[in-house]
Structure formats: C-alpha cells, structure tokens
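Chains as they are written, first to last, in full-length UniProt numbering: chain P, 1 to 271; chain L, 1 to 334; chain V, 1 to 297.
Treat the hints with caution; some may be incorrect.
[Unchecked claim] So, partial list: chain L residues that the calculated Cβ filter (under 8 Å) puts toward chain P:
#: 1; residue: V185
#: 2; residue: T186
#: 3; residue: I194
Note that these hints are calculated values from the structure, not bench results. Virtual Cβ for every residue (Gly too), placed ideally from N, Cα, C.
Residue-level listing of the chains:
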Amino acid sequence: MSEQVVRVENLRKEFPGHRGAATVAAVDGVGFELASGEALAIVGESGSGKTTVARMLMGLERPTSGTIEVCGRERSGRPSTAERRRRAREVQLVFQDPFLSLDRAQRIGSAIETAIRLQFPVGRDELRRRTSELLEQVGLLPRHAELFPRQLSGGQRQRVAIARALAAEPSVLVLDEAVAALDVSIQAQILNLLSDIRESREIAYLFISHDLAVVNQLCERTIVMRRGKVVEAGATRHLLTAPAEDYTRRLIDAVPRPGWVPTRSRDLAGA
Amino acid sequence: MSMLTIEDLRVRVRSRDGMRTIVDGVTLDIGRGEALGLVGESGSGKSITARTVLGLFPRGADVTGRIEVDGEPVLGASRRSLTALRSRKVAMIFQDPRAHINPVHRVGDFLTEALRKHLGMDRAAAARKAVGLLADVGIADGERRLRQYPHELSGGLLQRVMIAAAIAIEPDLILADEPTTALDVTTQSEVMAILGDLRRERGMAMLFITHDLELAAATCDRTAVMYAGQIVECQSSRTLPDRPLHPYTSGLLGSRPSIEAAVRRLPVIPGRPVAAFETGAGCSFAGRCPMVEDRCRIEAPATVRRTEGAVACHRNEELVGALPSEPTVRSADV
Amino acid sequence: MSALTTNPATAATAATGRLRPRTRLRSAAGLLGVPGLLAVGFLVLVAVVAVAAPLLAPADPNFPAPLEAYASPSGAHLMGTDALGRDLLSRLMYGARVAILASVAIIALSTVVGTAVALVSAWVGGVVDAFVSRVLDILFAVPGIIFALAAVSVMGPGPTGVVLGLTLGYTPYVARVVRGATLREVRMDYVDAAWLQGRSGVAICLRHLLPNLRPLIIAQAVSSLGFALIDLSALSFLGLGVQPPAADWGLTMRAGLDSALRGHVGEAVSAGLCLGLLVASVIVLGDRLSKQAEERA
Numbered sequence: 001m002s003e004q005v006v007r008v009e010n011l012r013k014e015f016p017g018h019r020g021a022a023t024v025a026a027v028d029g030v031g032f033e034l035a036s037g038e039a040l041a042i043v044g045e046s047g048s049g050k051t052t053v054a055r056m057l058m059g060l061e062r063p064t065s066g067t068i069e070v071c072g073r074e075r076s077g078r079p080s081t082a083e084r085r086r087r088a089r090e091v092q093l094v095f096q097d098p099f100l101s102l103d104r105a106q107r108i109g110s111a112i113e114t115a116i117r118l119q120f121p122v123g124r125d126e127l128r129r130r131t132s133e134l135l136e137q138v139g140l141l142p143r144h145a146e147l148f149p150r151q152l153s154g155g156q157r158q159r160v161a162i163a164r165a166l167a168a169e170p171s172v173l174v175l176d177e178a179v180a181a182l183d184v185s186i187q188a189q190i191l192n193l194l195s196d197i198r199e200s201r202e203i204a205y206l207f208i209s210h211d212l213a214v215v216n217q218l219c220e221r222t223i224v225m226r227r228g229k230v231v232e233a234g235a236t237r238h239l240l241t242a243p244a245e246d247y248t249r250r251l252i253d254a255v256p257r258p259g260w261v262p263t264r265s266r267d268l269a270g271a
Numbered sequence: 001m002s003m004l005t006i007e008d009l010r011v012r013v014r015s016r017d018g019m020r021t022i023v024d025g026v027t028l029d030i031g032r033g034e035a036l037g038l039v040g041e042s043g044s045g046k047s048i049t050a051r052t053v054l055g056l057f058p059r060g061a062d063v064t065g066r067i068e069v070d071g072e073p074v075l076g077a078s079r080r081s082l083t084a085l086r087s088r089k090v091a092m093i094f095q096d097p098r099a100h101i102n103p104v105h106r107v108g109d110f111l112t113e114a115l116r117k118h119l120g121m122d123r124a125a126a127a128r129k130a131v132g133l134l135a136d137v138g139i140a141d142g143e144r145r146l147r148q149y150p151h152e153l154s155g156g157l158l159q160r161v162m163i164a165a166a167i168a169i170e171p172d173l174i175l176a177d178e179p180t181t182a183l184d185v186t187t188q189s190e191v192m193a194i195l196g197d198l199r200r201e202r203g204m205a206m207l208f209i210t211h212d213l214e215l216a217a218a219t220c221d222r223t224a225v226m227y228a229g230q231i232v233e234c235q236s237s238r239t240l241p242d243r244p245l246h247p248y249t250s251g252l253l254g255s256r257p258s259i260e261a262a263v264r265r266l267p268v269i270p271g272r273p274v275a276a277f278e279t280g281a282g283c284s285f286a287g288r289c290p291m292v293e294d295r296c297r298i299e300a301p302a303t304v305r306r307t308e309g310a311v312a313c314h315r316n317e318e319l320v321g322a323l324p325s326e327p328t329v330r331s332a333d334v
Numbered sequence: 001m002s003a004l005t006t007n008p009a010t011a012a013t014a015a016t017g018r019l020r021p022r023t024r025l026r027s028a029a030g031l032l033g034v035p036g037l038l039a040v041g042f043l044v045l046v047a048v049v050a051v052a053a054p055l056l057a058p059a060d061p062n063f064p065a066p067l068e069a070y071a072s073p074s075g076a077h078l079m080g081t082d083a084l085g086r087d088l089l090s091r092l093m094y095g096a097r098v099a100i101l102a103s104v105a106i107i108a109l110s111t112v113v114g115t116a117v118a119l120v121s122a123w124v125g126g127v128v129d130a131f132v133s134r135v136l137d138i139l140f141a142v143p144g145i146i147f148a149l150a151a152v153s154v155m156g157p158g159p160t161g162v163v164l165g166l167t168l169g170y171t172p173y174v175a176r177v178v179r180g181a182t183l184r185e186v187r188m189d190y191v192d193a194a195w196l197q198g199r200s201g202v203a204i205c206l207r208h209l210l211p212n213l214r215p216l217i218i219a220q221a222v223s224s225l226g227f228a229l230i231d232l233s234a235l236s237f238l239g240l241g242v243q244p245p246a247a248d249w250g251l252t253m254r255a256g257l258d259s260a261l262r263g264h265v266g267e268a269v270s271a272g273l274c275l276g277l278l279v280a281s282v283i284v285l286g287d288r289l290s291k292q293a294e295e296r297a
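Bound-form chain P, shown alone (with noise of 0.2 Å):
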C-alpha cells in the first residue's frame, strides 16, 4: 500500500442556523484516506455536505472540529501567502462551472502561466514550453492560449481548468461536481481526459459528485454521504452491486437505465 496523501479524521462544520435556530452541522464525523494515485468518490445529493468537505480540504472553509492532513502536513488556521503556495502543489481544485472558475479578463496562456510561475521559477522559453505542453495534454492547441474563456466552449473551458490544477503539478486533484454541467458527449471526454491524465503521472483524485455513473467510471473507492454523515464507504463496484445500506440501494435504483421504472419510494418527504 502506497502513503497516504490525504488523512480526514472526525470533521465537522457547524453553520449558523436559519432565524435563530440551533446550528446545523452540514458535515458531522467524517474521516477518511486517500491514498497516492488512488481515486476516490464522495457521492451525495444536495445537502449531503459532501462540497463542504471538498472546501474545508482546500481551506476555503474553516473546519468547527477534526483534523485534515495533506502531504504528511496537518492543515489548520488562516494560511499565509507563503504558506498557501506551499499548499497549491499539495492539492488543486477543479470547480463545478469552468465559466466563473476561470477569470473571464483573462487569456488561457496568461492564466497557465500564472499558475506555473506561482510555485516554479522558470525562465521564458521554458514557461512557454510548459504551458504548450499542458495545452496538449488537456488535448487542446497552442493558439487556444491566446483567447479569452468566452470563446471557448464549455468543454474546452472545462479542460483549461483541469490544465490550470494541473500547473502547480499537486499531489492531489479535488474535482467538484467538475463534468456535472457538460453535455453528455462532453462529459466522457472529460472523463477520459481524466483517466489518461492519471495514467501519465502521479496524482490522487477526489471525486465530488452526485452521479453514480461517472463515480464507477472513474474511482475505486467511494464514500456515500448522507445529511452530513458517511452512511457507507468500500470499494466502489462492491458498493454498487452489493450495497450494505438501504440508501446508497436507493440511490442506485433511482438512475435511469433501459428497464427502469420510477418508484415513488415515500410519498411525504420532508419540507
């Protein structure tokens, strides 16, 4: 077994509850390890809490308890600049909606470039071969650096993202929900995209997502949360073919699949 990239123990983040009432924990007690290479599946629907864990992992949300450990190194209070470069090589996150994760005022090459000089000191011949490079690698052209995310389409805009996590070359990629809102077509050559890129190098995926699908395509082990809670977690076809919980059952007969039949499973659900 290789090391382990990433340590999650007991966390759990409190929210403020609505009018007054008692806080809400979003996420409560959820642990888990990533291991180098490996790739892994948090799986819930909305309200699971499982895109709070991805943003406590990426410090942009302060965890009320528990412990994070990336790298060996454990992560806790308000980073320095310094410090959050040390960070981006460890973890990179590819977000939701490629059209507000990338900075509409600026050109792909710019933001490639960026993200390299950030965390490597490279002479101008040499940054410009790197971003050609990573240009390549997410399968789009050298001239796409010159443009402006507006003139690509959501799938190019998607892949320029994945090339700009892929710049400061982390140990670990957080994808959230990263093909949910691609078209179909699109999606599984992002998917492939992300299996070649895992077969080229180094690097652990956690996968943030509501679709069991794309999660047995792409990840080993998958973790189902449920209203904050790790409800099951084991390796993802075991998982999927016998399930030891009666939700992640009902998450697996809700996908659509020729055959299927809709079940109106409880006919009062919660307001």
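Starting from the known structure of chain P, fit chains L and V onto it as the hints suggest.
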C-alpha cells in the same frame, strides 16, 4: 387523432450577428395519452421547440411551419385563443420552479389562482381542490403546505407543486422542459413516477424535454433525438436503447458511463454539439460522425420512415442493427 | 474538415475564432447605438477644440475692445462679442479647456482613490470593511458642493480648492459602487482558484478583480463626469472657482446674466448650450457603458 402535431417548424431568433436558426425543420406527432421524449444536448433547439407550442418564443423571433394542438392551429393564432389554449388544454412544467412561482405569494395563492381564474371556482372550493391536487402529487399535508411560502419548500416539493398547478386545469397535453434536471436522483425518480401515474390515470399526452437519453427512454413511449435543430431519429423507447438508428444516438448511448460496468476509455463523440446556425451544407452531424462518407458532407439527409422508426441518415439502410449501443470494452478486458 | 473529426478541440475554435479588429470596431459602434455615436462625436469635437484652442480660436480670448462691446455676429466675430468686446467664440473655445481639465482631474482623482479604498475594504472585509462602510455613509450624506465650499473657505477662491473639494465629494460615490461590485466579484470561483494557487491578496485585487471591474469603473467615471461639469460651472457661476478674466463657461454664464438684462442673451445662451450638450453627451455615453458593463457581468 393526434394531440400535438408539429410540421416543418423553423425558428430563427435575433442575435447580434443577425438572425440565427435554432430550430431547423422539426416534424413530430404525439397521440392522445402518448409520451414523447425529446432528447438533445445544449444548442439542439429542444427547449425552444416545446416553448413554441405555447407561443413562448423570444421577441422578434421568426417562426414558420405548422403546429396544431388537438387539431387547432397554434402558429398565427390570436392572443385570446393562445390564452384559452394555455388555460384549458396545455400546461407547461419548467426546469426551475423557483423562477416560475412568485416568491412573495403563498403556495396556496399560486395553486388556487389558476382554478379561480380559469375554472371560475370560489375561494373555498379552489382551496379544497388544491389540497386534492397536492395529494395527487404525493403531498399529504396539503392544508399546511398551502399556507407556506415557496422558500420554505425544497426543490423537489416545489416541483411537485408546479406539477399540481399544471394538472389543475386538467390539460390534455403536458410540456415538461427538463423538469427533473435540477433535482437529486431519488427526487427525480419520485417526480417521474408521479408524472407517469397522473398521465396514465388522466390520459394526458406529454412532450418530455431532457438531455438524459436513458431517462427519456425509460419513461416515454417514444423517444426523439435532436441535433443542431433537427430530429435525427425517432423510434419506440423499447427498442431505441438496444438498436439506435442514427450514429449520434449510438454515440450518446455509448459515451454515457454505466453503473453496471466501468470501461478503460469511454467511446466518445469527438468535437462539441453545435447549434443549427453553425452547420453548413450536408448532414449537421457529419463533422463528428464516425460513419461519415463523402455525400454526408455535401447533401443533407432526408428523414426516412423505416419500420424501426424515423431516421435522418444517408447510411440508415446499412446501419440498422449495426450501431453499438453501449461501451464495448468491459472492465474485465482491462 | 478532417481536423474536426480527429481533434475534439478544434471544432469550437473553428466556429468562434478570434475577433478581427474591424469586426470589433463595428460591434462597438453597434453597441453604442445612434445616440451613443452622436455623444462620442460631440465629445471628440469638444476635446479637439479644447486641445487646439490656441490654433483654432479666431482671436485672443482676453483681448478687450471696449468699442466693440456687444457686437453682433459678423465676419470678424463669428459669434459676436461680450460686454468688454472680447470675441465670444474664442472665449467659449478656451472655456472648454477649463471645463474638461478640471472635471477630468476631479474624476480621475476620485476614481483612483475611491477604487483603491473599495478594493481594500471589500477584499480585507471584517472590521475594516465595516469601518470603511460607515465612513462612506457619513461622507455620502454630504453633497460634494459643500466640500468644495469648505475647501474654498480655507484655501480661498480658485480652481485648486474647488477641485480638491469636489474630489472629496465624489470619492464616496465611486467607492460605494466599486465596493458593491467587488463584493459580488469576490464570490466568483475564479477568485477562489487564484487564492488556491497561492496568489497574494494584492495580486488578486490588481490582476484579477480590477480588470473585471474596469468596464464598470469606466462607466461610473464617465457618468460622474457630467455631474462634475455641472458642479464646476455652478461654483464658477457663484464666483468661487476660476477667477476672471479667465475664459470659463460658468463665468461666461454669470456675466451673461448681466448682459441678458441689457438685452444681449448671446453669452448666457451659448455658454449654457455648450455645457448642456457636453453634459448630455457624457451622460448618454456613461449610460451606454454601464448597460454594457451590466451585460458583461
């Protein structure tokens, strides 16, 4: 007798660069009580096709063709007959219920408004009927819900309220524009089940717009696939998943990952989906098609009615039964 | 065409491509519309006249010719003369210089200061933002012209005091608009992305936020320019700004008031018309620009 007939519908909308074709010759037909799934990626024109049935197209749009609801023409109809259509025969369900339900009014006001206005009910009768409608969509404590505001309800509940409002006028046809796209999978399953039950009980026809081919095939009688403003294929939902007729449908089926098996690489359709105004001469799918021939780039294929279904592809004869319908390389092969 | 089928990335750029300069110019004209184009045309005209006033003006604006007082328009004086026999057209041309120079100075200063305050306040947030917001609220309650009056009472009448006072008056407007826009902008994912890459706060503000806020800031500045022009003329009219015998529209209007009582309305009407048209142009242009900034956001 058909409930909805669309013939050679063309929609052009105004943009900065002049008029742009969004829908490019759509012809479809829905029988009484029948459900047709209209599947497409972004830019395919599926949504505007549905909206055009109710006259909801953008200002300055240029619409030609023929649309008939229950034998009555819609295009060119007066504002008054369109209103009558919307209040009696056809109801629409949208993707985002929050954008279509006034947030400052109670759920009850929203539901009873249509009943009082269109069916002339008094307040008490309308409220009684509304509680019954909510029960029909699986909301048992209707009286409490009527007093709540939209923000107090989850997305799934609100979509059910939207469906309750849609069936309030006892329509013959429901236009559902991605009604479950914003919902969780378990909620989607419930909403689809409710829609299915209501449709069967009341014999309502449905035009179901979605980007999810599997969802359409599993819940509708027939499925039509749109690409670049045209319907490229339409056949029975029972046979479509196993025997796609058009290379695009085959590509869509193949590129969607499955929960049953993982493959090393998904078979992909290269390029990106295009809109009608971006295509040139020839077949609009030619640029991405793995089966492309020289004539595909020159001449646009006509829609052919086969026993299996309708398809717009030059090579439909030789491709019947030959197109793959799912990822071929199983995880066992890796 | 074969590239389309082999490389997934090329299909889209084939359709989008890069904007050619001519296309860009034409689309800019389309966005401005006829009123916008007219406004730009008039602004360019005024700017050229102001810059080239020494070359274009038919006479010395300050050369008095008492014998020719209130001369009617003629070949020698295209727009006639004022009470002191000075060429009115030349005075209006030179007056454009004062109007433009002072109003641009006010807007430039207040935009730079206001934007800086807003960016820092919105980015740092917390106590700093709360404090800045309160101060802005207080300054906001005081009309800019009051600051100018205060500055003049300390520094004496003249353009410097007026410009400084009005700058102080305009800064809160800029800061409030930019702060609101920045608060919306920092919630965007690209700001988080830059933060996660380890960019410093200063770099995020200057390299990411500022370029995205630029259209809004420019639109705001152009709109405020109109108000600054009015305030400046008002202060001159009251005798607190530029001092005679300098050529200035506000002063011309003031003098024109006396002349009008003697039956000569040329001065007041022409100076008023110059100011009115300039203000209208600036406001039309500012309006167009802010609509575009909104659409972009």
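**Q.** Hint check against the structure, violated hint numbers in rising order
**A.** none
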